[in-house]
Every structure is written in C-alpha cells, then in structure tokens.
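For the record, the sequence lines run as chains E and H. For the record, in the first sequence the residue sitting at position 101 is 132 according to this note's numbering, with numbers rising by one throughout. For the record, in the second sequence the residue sitting at position 222 is 614 according to this note's numbering, with numbers rising by one throughout.
Below 25 Å or equal to it, Euclidean Cα-Cα: the simulated SDA-like pairs (lysine to any residue) are:
1. H:Lys497 <-> E:Gly41
2. E:Lys161 <-> H:Leu426
3. E:Lys261 <-> H:Ala620
4. E:Lys293 <-> H:Val500
5. H:Lys497 <-> E:Leu55
6. E:Lys295 <-> H:Asn501
7. E:Lys295 <-> H:Leu560
8. H:Lys497 <-> E:Met292
9. H:Lys497 <-> E:Leu280
10. E:Lys293 <-> H:Met563
11. E:Lys295 <-> H:Ala498
12. E:Lys295 <-> H:Val503
13. H:Lys525 <-> E:Leu52
14. E:Lys261 <-> H:Thr635
15. H:Lys497 <-> E:Gly48
16. E:Lys161 <-> H:Leu428
17. H:Lys462 <-> H:Leu448
18. H:Lys525 <-> E:Phe60
19. E:Lys261 <-> H:Asn637
20. E:Lys161 <-> H:Ala437
21. E:Lys293 <-> H:Glu562
22. E:Lys261 <-> H:Gly636
23. H:Lys497 <-> E:Leu45
24. H:Lys497 <-> E:Ala59
25. H:Lys497 <-> E:Trp221
26. E:Lys261 <-> H:Leu619
27. H:Lys497 <-> E:Arg39
28. H:Lys525 <-> E:Ala59
29. E:Lys293 <-> H:Arg491
30. E:Lys261 <-> H:Glu634
31. E:Lys261 <-> H:Gly524
32. H:Lys497 <-> E:Phe60
33. E:Lys261 <-> E:Gly146
34. H:Lys497 <-> E:Phe62
35. E:Lys87 <-> H:Ile431
These aren't lab readings, by the way, just hints derived from the structure by calculation.
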Amino acid sequence: MSRATGSRWGLRVLGLGYVFLLLLLPLAFIFYKTFEDGIAPPFEAITSPDGLHALKLTLITVAIAVPLNTVFGVICALLLVRHRGRGAAIVDSIINLPFAMSPVVIGLSLFLLYGTHGWLEPGLAEAGIKVLFSLPGIVLACVFVSLPFVVRETVPVLQEIGTEQEQAAETLGANAWQTFWRVTLPAIRWGVGYGVILTTARVLGEFGAVSVVSGNISGTTQTLPLFVAKQYENFNLPGAFGAAVLLALLALLAVLVMNLMKRKEVA
Amino acid sequence: MEAHAAHPSSAPRAARLRLPGVTATGLGRGFVVLYLSVIVLLPLAALADKSLSQGLSHFWDQVTAPGAVKALELTVGASLVVVVINAFFGTILAWLLVRDEFPGKAIVNAVIDLPFALPTIVASLTLIELWGKHSPFGIDISLSRTAVVVALMFVTLPFVVRAVQPLLMEMDREMEEAAASLGASGFTVFRRIIFPNLLPGLAAGVALAFARALGEFGSVLLFAGGLADTQVSSVYIKQLIETGNESGAAAVSVVLLVCSLLCLVAVSLIQRWSSRHERSSSEGLTNMPMSGLGPVHEQGDDRE
Numbered sequence: 032m033s034r035a036t037g038s039r040w041g042l043r044v045l046g047l048g049y050v051f052l053l054l055l056l057p058l059a060f061i062f063y064k065t066f067e068d069g070i071a072p073p074f075e076a077i078t079s080p081d082g083l084h085a086l087k088l089t090l091i092t093v094a095i096a097v098p099l100n101t102v103f104g105v106i107c108a109l110l111l112v113r114h115r116g117r118g119a120a121i122v123d124s125i126i127n128l129p130f131a132m133s134p135v136v137i138g139l140s141l142f143l144l145y146g147t148h149g150w151l152e153p154g155l156a157e158a159g160i161k162v163l164f165s166l167p168g169i170v171l172a173c174v175f176v177s178l179p180f181v182v183r184e185t186v187p188v189l190q191e192i193g194t195e196q197e198q199a200a201e202t203l204g205a206n207a208w209q210t211f212w213r214v215t216l217p218a219i220r221w222g223v224g225y226g227v228i229l230t231t232a233r234v235l236g237e238f239g240a241v242s243v244v245s246g247n248i249s250g251t252t253q254t255l256p257l258f259v260a261k262q263y264e265n266f267n268l269p270g271a272f273g274a275a276v277l278l279a280l281l282a283l284l285a286v287l288v289m290n291l292m293k294r295k296e297v298a
Numbered sequence: 393m394e395a396h397a398a399h400p401s402s403a404p405r406a407a408r409l410r411l412p413g414v415t416a417t418g419l420g421r422g423f424v425v426l427y428l429s430v431i432v433l434l435p436l437a438a439l440a441d442k443s444l445s446q447g448l449s450h451f452w453d454q455v456t457a458p459g460a461v462k463a464l465e466l467t468v469g470a471s472l473v474v475v476v477i478n479a480f481f482g483t484i485l486a487w488l489l490v491r492d493e494f495p496g497k498a499i500v501n502a503v504i505d506l507p508f509a510l511p512t513i514v515a516s517l518t519l520i521e522l523w524g525k526h527s528p529f530g531i532d533i534s535l536s537r538t539a540v541v542v543a544l545m546f547v548t549l550p551f552v553v554r555a556v557q558p559l560l561m562e563m564d565r566e567m568e569e570a571a572a573s574l575g576a577s578g579f580t581v582f583r584r585i586i587f588p589n590l591l592p593g594l595a596a597g598v599a600l601a602f603a604r605a606l607g608e609f610g611s612v613l614l615f616a617g618g619l620a621d622t623q624v625s626s627v628y629i630k631q632l633i634e635t636g637n638e639s640g641a642a643a644v645s646v647v648l649l650v651c652s653l654l655c656l657v658a659v660s661l662i663q664r665w666s667s668r669h670e671r672s673s674s675e676g677l678t679n680m681p682m683s684g685l686g687p688v689h690e691q692g693d694d695r696e
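Extracted from the complex, chain E is given alone in its bound form:
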C-alpha cells in the first residue's frame, strides 16, 4: 500500500511540477515584473498614443473577424451535419487546414496574393483598395487563422442533439427560420459560444500571420501583439510587459469563461 502511495506522490510531483515550472511560474513572474514599480509604468505604456492605437486596432479586428467566422461557422456546421452533400469531405479537410499551417505561411500566402506582383493587385490598385499593410489584410489574416474553431465546436453538438426536437417543431407548423431560431440555435448555443471564445482568443493574440501582412507600423498597422514585440525590441520593457499582461489577462478571462460554460453545459 505504501508503495502505491509513494508512486502516487511521485506522479503528483512530476505532473504538477511540470505545470508549475513551465506555465505558472513564468506567468506569475511576468505579472510581478510588470507591477514591480507600481501600476503607473505599464499603465502609461498602454495609454501612450501607440499603445492605445494598437489596442483599438486589435479590438476592431476582433469586431470584424469574430462575427464573420461565427456566421460562417454555424452555416457550415449546419450544412456538414444536416445537409451533407457531395464534397463535404473536401470542405472538412479545408476547414482543418489553418490548424496545421504555420501562421507565417498563412501571412505569406496573403502577402503573395495581394502584394505587388500578386494576382489581385492590378484590380485592387485600380479600385483604390489597399489590402496589405492596412486593416483588410490584418482582418483577412485573422479570419484565416481562426476559421476552424466555431465549425469544430458546433458540429459535435449538432450531432448530439439529433433532429427530434426540430422534427417536432416542424410538425407543429414552424417554418425553417423559426425552427432554427427557436429550437436549433438555443440547443447549440454552448458549442457556438465555446467556438466564439476560442476564435476571439486566437484573433486577439495572432502574431505570425499579422506580422507578415501588416507592415508593423507604429500607430497605423500595429496590433497589440505586434506592439509587445516592438516595445521589447526597443528595450521599452514596461511597455512590452504592460501590453503582454493585458493580453494575458484577456487570455485568463477566456479560459475562465470556457470553464464556466463547461460547468453550465454539464449542469
């Protein structure tokens, strides 16, 4: 018996020690470093014009990219589960692609499509639309990297709830819209919500793809993660830490909400 207890403790030390050293200690330390000299230095850094602009740009990107991928995700999941037709397997694998791609490669492919010698460049230039080094490019990059989340979280829920309630609603005379809004959507709301949070977290923190397409110009095309890197490279540590802690807090919030939702879902 004592041997079993011993190995149990051994596993605890190994597993929890690993999480502590790799995850918790670095995170706690960055909070400590940020607020070492009080709240003023990181606060000033974030509220500097460049910092505020980066925050604003990041929030605008989230406000465009997340709804786009949510609407797409729900429609795509409905089609994949309820109206599975020819080519569904192909759609399936395309949706998985962004998970397996390096963000830099995603950024590069957008860079090549919309860049100087890109396929779309002549037409866009004529229309006066600038994609690279401006908001559209940043949004496209974020939509690409966060594409799979809502679909992937919604599909299993749709499969699980089955069609009985939808059938009942239809029998009672509800039209397809009513069935969707009153029956299907409430039933899949946790799955969709989970996907939305994951999408938001990914868009907030996207670095690699955005760094290729945005040009990283302070005060114009610099998102918050790019701001962190730039401040660090310029040895403005309070700035880098302040913005990093802000992003970390948002990530913690996302994890917290996900956990609350998981509990709600079980209850």
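Assemble chain H onto chain E, guided by the hints.
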C-alpha cells in the same frame, strides 16, 4: 461514435432542419464554398504558384539551401523531442486530473488550456524573462536550441492532456481491479491495460502537437531568436520574406505545409482506426478544444 449512434441516419429526410426554403441550402453551400475559396484556397494557390514561378530547379535549390535544410532539421528534431516529453507529462497530468484528488485540482484543470488562449508572443516574453539573461535563478537558456524546445513544450502542453483525459474518464476500472487482484503490479496494470486503451488518444494528441510545433513562430521568436543555429522554419521563412526572396519563402513554406498536412492525415487515420476498434475512444477526442478533431470525418458515407 456515440453522438453518431444517437440519431441514426435513418431519420426521415423531410424532417431535417432546412434553412428557409430549399434554395437556402443551395445559397448556404454557395456561401461556404465562396468563403473558403476567398479566405483559404485563393491565397494558397498564390503561394503554390509563387513557389514554382521560377521553375522546378529553382524550387529545389531554395528548398535544399543550407539554411533551409538546417532550419527544417531543427524544426522537425525539436518537435519530435517536445512531443515525446509532452506525451510523458501529458499522460501523467491526465491521470492526475481524472484519478487523483488534490487541492487546487480544478485550477490545474483550467490552466492546462492557457497555452491555447495565451498569445504566443506573450508566451515568448514570459519565458525569456524567467529563463533568459535576467533570470532570477541565474539560468539563461535563451537564444539556444534548448529555448526552442522549451517554447514548443509550452505551446503544445494541452494537446496530449486533452486527448487522453476523456479516454481515461470513460475507462472501465473493473479490468484494472481484476488485474490487480490477480497479482499484477501497478506498473503491469498500466502497461498491459491502461496504456493500450489510451493509445488512440495519445497518438492523436501527439500528431496534433507535432503539427502545431512544426509551424510555431511567435513563442520561439524572442526566446530562441533568429540565430543561424536556433532558427526554426517559420523564422527562416519570415527572414526570407524580409530580404525580399519571395519565391524562396514560398518554396520552403510549401515543404513545411506538406509536413503539417501529413500530420493531419495521420490524425484522421488514427481517428478512423480507433473508431473502428473502439466505440468510445474517438468520442472523447471531439471534446478537445482547438483540436480540429471534429467527428465529421468518419460519418460521410451514411449521411447521403
């Protein structure tokens, strides 16, 4: 697949939910195809086109350039090491979270997901502050190959835990008890009974972690830097872009992309294999956040 069994495809077609009107389904399909084309396929086509824009021999030269080969070797090597480490610790953590009781367990269970939500550049910054030049412990591993490994360990930590955890939860403990009562030691029970049952989840988690590690950029960037010795493929590609060698960057990207795609194929093969052998095993995988493992793959045939 449990979800699957819950509503067999024999449900009458007319009863399935329709988007308003029959044409709405067509409209929805059109939207999905258009969206995927504009967002994903068109850029990828541009990438493939660029990589071959100066001929096949140019492509080959770019891919076999010393820097490219070195970066790819480091990327694959470090990813392999990381995946082995996280398979070990991930299994232990999953076991602790399912079978053990200790104070703070709920918190540990929650923070496991943190690397999924934390921006990679923030991960890089936290790691370099703790294990870099100004380390409070005097341990400086920054700008080294060790740093590459540690950064990748950080970002891929959740994959194995979240893939193994549901399988462990569903496992029937009677088998283990029977084995133990017949005199099997703890280790034998693990090796002969627990481990084989966890294998599909472990394999899928490892493949996903490997795919993620291959493409990782942000977390490696500040911590490991872009030195010739510590450059992973993503960082190498970024440097080619900055120096204006777009076709070279595209060529190396295609190679990296193919490597990641092989991982995805591996995942779906593992999934198909495990769902054939084991009803419960692939069901758990669908619950993995950010896993990309929807159960959609293996249900294609009977939905038509």
